[in-house]
Amino acid sequence: MSVPNIVTIRELSKEYRQGEINVTALNNVSLDIAQGEFLTLMGPSGSGKSTLLHIIAGIDRPTRGVCRVQDIDLTKLDESGLADWRNQNVGFVFQTFNLIPVLTAFENVELPLLLTRLNAKRRREQVNTALELVGLAERQKHLPRQLSGGQEQRVAIARALVTDPKLIVADEPTGNLDSNSAQEVLGILQMLSRQIGKTVIMVTHDPKAAAFGSRSIHLEKGELTN
Amino acid sequence: MTTIGFIARNALRNKRRFILSVSSVAMSLFLLVTLQVALRELTNPINDEGSTLRIIVRNKVSLAQPLPARQLATIERIPGVAAVTPFSYFGGLYKGDEKFTSFAQFAVDPVRANELLSDAKVPAEQMKAWVADRTSAVVGKMTAERYKLKIGDRMQFTGQIYPCDLEFKIAGIYEGTADDRNVFFHHKYLDESLGNPGTVGTWWVKAASAEEATLITDRINKAFANTSAEVRAETERAFQLGFVSMWANIKILIGGISVVVVFALLLVTVSTMSMAIRERFRELAVLKALGFRRRELFAFILAESFGLATLGAVFGAGGAWCLYRVLDMQTLSSGMFVMFEVTPQMMALAFSIAAVLGLLSAAAPMIGVARTSVVQGLKTLD
Ligand SMILES: Nc1ncnc2c1ncn2[C@@H]1O[C@H](COP(=O)(O)OP(=O)(O)OP(=O)(O)O)[C@@H](O)[C@H]1O
Ligand SMILES: [Mg+2]
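Chains A and B supply the protein sequences, listed in that same order. Under this note's numbering, the first sequence has 214 at position 214, and the numbering climbs by one with no breaks. Residues are numbered in this note's numbering as their position in the second sequence, beginning at 1, plus a constant of 226.
Quick caveat, the hints were computed from the structure, so don't treat them as lab data. Quick caveat: nothing in here was measured; it's all calculated off a predicted structure. We put the CB at the ideal spot given by N, CA and C, even for glycine. Just to be clear, a hint being listed does not mean it is correct.
The calculated DSSO-like cross-link candidates involving lysine-lysine, where the alpha carbons are at most 27 Å apart (straight line), are [stated by the list, open to error]:
1. K414/B <-> K376/B
2. K166/A <-> K208/A
3. K605/B <-> K76/A
4. K605/B <-> K221/A
5. K241/B <-> K141/A
6. K121/A <-> K166/A
7. K208/A <-> K76/A
8. K414/B <-> K354/B
9. K376/B <-> K347/B
10. K605/B <-> K166/A
11. K374/B <-> K321/B
12. K221/A <-> K208/A
Not everything, but these chain A residues come out facing chain B in the computed CB check (under 10 Å) [to be verified]:
13. T75
14. L77
15. W85
Stretch by stretch, here's where chain A covers chain B in the computed footprint (C-beta under 8 Å, at least three residues) [what the hints assert, rightly or not]:
16. 506–514
17. 592–598
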């Protein structure tokens, strides 16, 4: 075991209380994710994939258990501490892209950098690098509605990358794409983990998409199988 | 892109809505300022330092009832009276005006009135000419300018209160009083035209000192108690305030309209703003996920609603300010309004309302953003 773990999860549970009934979204999940891994999370609908991803990404909190990312116990951070942590350590890719419609591709990618102390020149450089990585250097000035779905998702990946985070989380990033665009997006995610050592965690329903990952895990009713 | 740029881009994303909301704020504040200006104009008696010294003596029965001219000798002897002149409001229609003449004409004794018109500046030789010519008059500078009158010109009036028409030659033009519009002419001339009835409209008295003024009004009232013409003496200021109280109901009405305007404005802006933010709930959740903290999102929302309300105030209140500087409201309102001036206080009021508006319309969206977690926000549909 030469590669250090980036994510350490121990006996993690998440329960939702809905009136009288308790819904268990995650039940005693323990998991290690190594740095540079491309982990895919699979499982039927409602099995807790998104919930697990959200907890690892620091936008949701577990009911019980430990989630450490790079030796930081996320449950110990307060709201604004978590926000800072997310800005520096996590990049998000969503199924529905979630770009800001009134901002150009360039500005969408630049958005997370507004929270940093970088000057305009350094920001520009970083945005350009990120857009080049996803092959959209020529589309900087385009608004989201002037891009195809696949291109939008690549802009979203560039936005996830621009702060140079260790961790990239993607919740069904190909769910809204045709198979060609999906291939492109998956290729980029794979490249990020293989060539620049990002840890990528991706939720997917599609076994073909999962094949791009380096490891796949299954959730069933909130519990890890295999 | 800067943070300001980002806020502006967000505010302008629905241009039509943005323009409509800014205009609704602008128009409401314009209306509010206009109402305030009108209110001030109608209720503020024109004040000058002399008005605390000057006393008006009128018939106790009513202002329309004349006083006997022989009262002059009695008033003159009352201690503390520095000067006294007959003072009759002629109220004629100026030839050229159609229905309504916006400046007053007063019949006075020129020599005696000189004391009372201490703040009016008239060149000495013009004063002399006025005193010398029984049919001459002095005219306020504002009226002279408005009707393009100069010394030597003639002015004709049709009597509306008195059964006679009068024509004056302009002997002088004065300025420096709080209301440089009036025309002053010889009381003797009026007396002659009426066949010397031996009456005056009112007496205009100057007190030796402001402190003594009320004492003197008492003395004058007492001097004519139980005579055939009892009088009511009051300082000019009190006299004007008496007129002003007629406007009290109008003041309440205008105040009421203002409150309704502001309230309607509030409802419109609050609902527009919360609509604009609610549409963006999902985006705000994305921003949160990207690391924007609650306070940064609050700042975005506040900046947007403040920006909108302030822009409305700039156009509305600023527009009113510019407009009423440029427009000659005196001519447009046939003399009903003289200054029609937007005061700094009114501007401050308009901008404070805009600020409160910005704050209140940001409140609901801010509470919504604070209450919604990233995960909940991401689940909202666009
Ligand atoms: N806010 C909530 N309140 C109550 N129950 C919830 C809430 N959010 C999620 N759940 C429940 O938690 C369980 C796991 O949800 P989750 O969204 O993680 O599933 P998923 O594996 O991502 O499903 P899908 O593939 O459909 O996206 C589900 O049973 C869901 O109903
Ligand atoms: Mg899911």
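Which of the listed hints are not met by the structure?
Per hint list: 7, 13, 14, 17 violated.
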